[in-house]
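Full structure from sequences and hints, please.
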Amino acid sequence: MPYLTRSGDVWELYLGTQGHDLDPDNPENRFATAWLTALETALDEVEAQATGALVITATGKFFSNGLEIAELADPANQDTYIDRVHAIYARVLTLPVATVAAVNGHAFGAGAMLALCADHRVMRTERGFWSLPEVALGMPFPDGMASLLAERLPESTRTEAMTTSRRYGGDEAATAGIVEEAVAVDDLLPRAREIAQARAGVAGANLASVKRTMRRAVLADLAPTAAR
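Here the sequence shown is numbered in UniProt numbering, starting from 1 and rising by one per residue.
Be aware that a few hints might be false.
Claimed, not checked - Derived Cβ-Cβ restraints for the label pairs, each shown as a range: (1) G201 x A76: 20 to 28 Å; (2) Y3 x T51: 34 to 42 Å; (3) F141 x T175: 21 to 29 Å; (4) T41 x P224: 13 to 21 Å; (5) N206 x M139: 32 to 40 Å.
Hints listed in this document are in silico derivations from the structure and should not be mistaken for laboratory results.
Ideal placement from N, C-alpha and C gives every residue a C-beta, glycine not left out.
Right under this line is the structure:
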């Protein structure tokens with residue numbers, strides 16, 4: 001389950017389970033119900049204190065492999081489930097602290113989009129892909145996710161990623177504008193912490209307000225289905 005640590009000004013939110021490179025119950029860090037609850041609890045703590053800066057990362061082979069397919073099996077539950085995922089995106093986009101995604105491994109689908117919600121993204125070079133596999137799987141993009149991709153990616157990259165399901169390694173992702181930097185694995189967390197530390201001084205309610213203003217359009221599309 002996702003867990004939170006803090007050292008000085010820098011929070012670190014891990015998408016897996018403490019003490020395990022791969023969570024034995026959810027080795028791909030998929031967006032299962034219990035996993036989402038743990039993630040929401042961690043974000044509650046960061047929001048409540050509104051100080052420092054946040055690094056979002058994981059350990060092992062995966063950053064996150066996205067949606068839990070079992071959660072989509074019941075058509076009656078699909079809207080509620082997607083609304084919950086969208087709410088996570090909206091919260092990360094508007095946190096009152098600077099956010100840095102340290103993409104340690106595969107980031108696919110909804111997991112790839114979670115990384116895009118961070119203010120700054122660093123990805124390792126040696127292993128792992130960022131990819132949107134939806135078109136290859138015959139899955140549509142909900143309006144909120146499509147809007148997020150339009151907001152956070154260059155148009156040419158968005159078109160290629162959404163319509164071809166291309167897998168981008170770290171260097172390719174940096175060239176395409178998906179991440180700002182690609183670094184060796186040993187430098188991944190140190191670099192993410194360095195960026196987070198440099199931005200910690202702007203934390204607070206005003207930062208959250210600035211983010212909401214900047215991202216008003218995508219936040220409207222991420223709102224719950226019933227509210228749109």
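Going down the list of hints, with the structure as the test:
Restraint check, G201 to A76: a C-beta distance of roughly 47 Å breaks the suggested window 20 to 28 Å. Separation of Y3 from T51 is about 19 Å and departs from the stated range, judged on CB atoms against 34 to 42 Å. At roughly 23 Å, the beta-carbon separation of F141 and T175 lies within the given 21 to 29 Å, and the hint holds. Checked against the given bound of 13 to 21 Å, the beta carbons of T41 and P224, roughly 20 Å apart, stay inside it.
Evaluation of the 32 to 40 Å hint for N206 and M139 yields a pass: the beta carbon distance comes to about 38 Å.
Violated hints, listed in ascending order, are 1 and 2; each of the other numbered hints is respected by the structure.
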